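Asks: Each chain, written out:
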Amino acid sequence: MASSADETAKTAERVAAAATSGRSLAVRPLGVAAVVTVVLIAIALPFVMSGFRLFQFTQVLTYAIALLGLNLLTGYNGQFSLGHGAFYGIGAYTTAIMIDRWDIGYGWTVIAAGIVCLIVGFLFGRPALRLEGLYLALATFSLALAVPQILKYFEHWTGGSQGIVLSKPKAPFGLRLTEDQWLYYLTLGVAIVLFVVAWNLLRGRVGRAIVAIRDNHIAAEAMGIDNALYKSVVFGVSAAYTGVAGALSALAIAFVAPDSFNILLSITLLTGIVIGGFATISGAVYGALFVQFVPNWAQDISKAAPWAIFGVFLIVFMYVMPRGIAGFLHLVWIRLTASAVSREQGR
Amino acid sequence: MDILIQQIVSGLATGGIYASLALALVMIYQATDVVNFAQGEMAMFSTYLAWSMLQAGLPYWVTFCATVVVAFVGGLLVERIVIRPVEGQPILTIVIVTLGLLVIFNSMAGWIYSYIQKPFPSPFPPKPIKIGNIVFGAHDLGAIGITLVVLTLLFLFFRFTTLGLAMRAAAQNPVSSRLCGIRVSWMLGLGWGLAAAFGAIAGMMVAPVVFLDPNMMSGIQLYAFAAATVGGFTSPMGAVVGGLLVGVTENLVGTYVSFIGTELKLTVALAMIIIVLLVRPTGLFGRTTVRRV
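Protein sequence lines correspond, in order, to chains E and C. 1 is the number of the first residue of the first sequence in my numbering; add one for each residue after it. 348 is the number of the first residue of the second sequence in my numbering; add one for each residue after it.
For the record, the hints were derived by calculation from the structure and aren't laboratory data. As the structure is a computational prediction, the values presented were derived from the model and not from experiment. A virtual CB, placed ideally from N, CA and C, is assigned to each residue, including glycine. Be a bit skeptical, because a hint or two may be false.
Said to hold, decoys possible - For the chain E half of the interface with chain C, some residues (derived, Cβ under 7 Å), not all of them: (1) L138; (2) L229; (3) I267; (4) T271; (5) A304; (6) A305; (7) F310; (8) Y319; (9) V320.
Please take these sequences and the hints and turn them into a complete structure.
Replies: Have a look at this one:
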């Protein structure tokens, strides 16, 4: 009895969440204005900061792409993944190996990284279809743990634990940009394209199907949605996003090594989407800012145990904003508009 | 043949350690549907505490008992202070909190004790024991013995004491248990305490083999996950059998399949998890849970 009431409450909560996420995907003038402002600021950034700061923002953009990919899978489709660091690594290594061994243009390698991860993700998603919740989290967790070892094992290709050193690509078409600036704009361009694609994907029929599978997969099946196909395709697309992010970060850092794609990276990505906001598109950006800058602040606070400070941040964040930054902002927005409306009515 | 038996016994020894940690995971999972990703790190931290006590000159078995008690209290406090505020939140929120605990414990251990590996003593004589032609490590046999004792105690506790019954009831049906006057929330706390105590024993048994360092538990935790998956996350008995199976498989594959060796050992665990999940997702002893749509 009680448990079914509990279940009903949960379902109601989910429906409400779906409704808010649906609403946030619609085109609204204020939303458009906010997005345009953010993009303009992003375009202006290289003119106000340079060097390492700019590199950090390039990293924020790659994280944002990866987080968006993970959020597609975990947030919207309800498939937990603790192993997206593995796809990040596979993407990075695809790029590095193609440039280092075969001397292929870096632009193509980013696309290739996306395709490789799409295929690997789709193939991993197939058997993972039968797994739910915890079990899927475990399978992906072990994938993340195993990938660094596998990368070290195929030393001939990957350079073993030494990794592969790349050189940063120069700006094409005679543009007067430094390498860092060019990489930033390249990443920004890719990010904008991928965000628009995800937004378009999610607000239409496909997006509703994806969310329906998360909320109630039996009902979704009954309404004619091919669960198996959708779930494995979403897995593939999500992996592809993360792979592209990995490829871009490999270009930006100009170095890949197996141990940078350890389990901590996967954990970082998962914390990114939960902190940023589960099943929100803007959450990917907030989450990316968090995972890029908060560890640095933690380092400023305590040189000795930065990760302990980071862990405390994580826990406190979960207490204060259990629905992430996007959820928190949404709540603040509702409060503000509601009080404005009530003031209007009072007058 | 001798080597085979030797490898199986040493597999059983490591398997016993995986079993203890897997049991800790399963206990918390059963009660709360949450996997405590910090379980291994909590065990590692307890082992460091034991190391400090040994450095202070306490005899081994006093240290052993003290560490178990401290770990129990520590686990209880972690549940009461850190986990309780997010009780009833979405599972992912709680998972993030346990991940936060993971990095906190790992970082604290590195900060206090540094990342340099430390030797940890074994309570058993270093001299190998010879039975017939076969040589057994005394520590291996001892670890198996301790695991068996602890498991028996745990079984007796859950089977024959009122408190054990109350804990099982709270895990199985929280609402009805509350109506019967069981303080469900405290039972969860006790579960965390017991799990932490188990982890501490596993940590103290494994530290002489892998040496003590803040990252010593990451691989072992993966094996514990594999063990819990093989046995089924809903069955404590399964966790134990799963742990032993994983330990033996890991040892035999490492010895007899030459291209795997020690480099791809973690990949073996990955393969085991995936195969079990594909063939029998609930594990060997798990129950299929049926949910109403």
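Asks: Taking the hints in turn, state whether each one holds.
Replies: Hints and how they fare:
1. Annotation: interface hint on E/L138 holds; nearest CB of chain C at approximately 5 Å, less than 7 Å.
2. Proximity of E/L229 to chain C is violated relative to the hint, the smallest CB-CB distance being about 19 Å (cut-off 7 Å).
3. For E/I267, the interface hint holds, since its Cβ comes within 7 Å of a Cβ in chain C; the closest pair sits about 5 Å apart.
4. Using the Cβ-Cβ criterion of 7 Å, the hint placing E/T271 at the interface with chain C is satisfied: the shortest such distance is roughly 6 Å.
5. Of the supplied interface hints, the one on E/A304 holds, with its beta-carbon coming within about 5 Å of a beta-carbon of chain C, less than 7 Å.
6. For E/A305, the suggested interface contact is upheld, since its CB lies about 4 Å from the closest CB of chain C, less than 7 Å.
7. Interface hint at E/F310: satisfied, since its Cβ lies 6 Å from the closest Cβ of chain C, which is below the 7 Å cut-off.
8. This hint holds: E/Y319 has a C-beta 6 Å from the nearest C-beta of chain C, less than the 7 Å allowed.
9. A least Cβ separation of about 10 Å between E/V320 and chain C goes past the 7 Å threshold, and the interface hint is therefore violated.
Taken one by one, the earlier hints fail for this structure at numbers 2 and 9, listed in ascending order.
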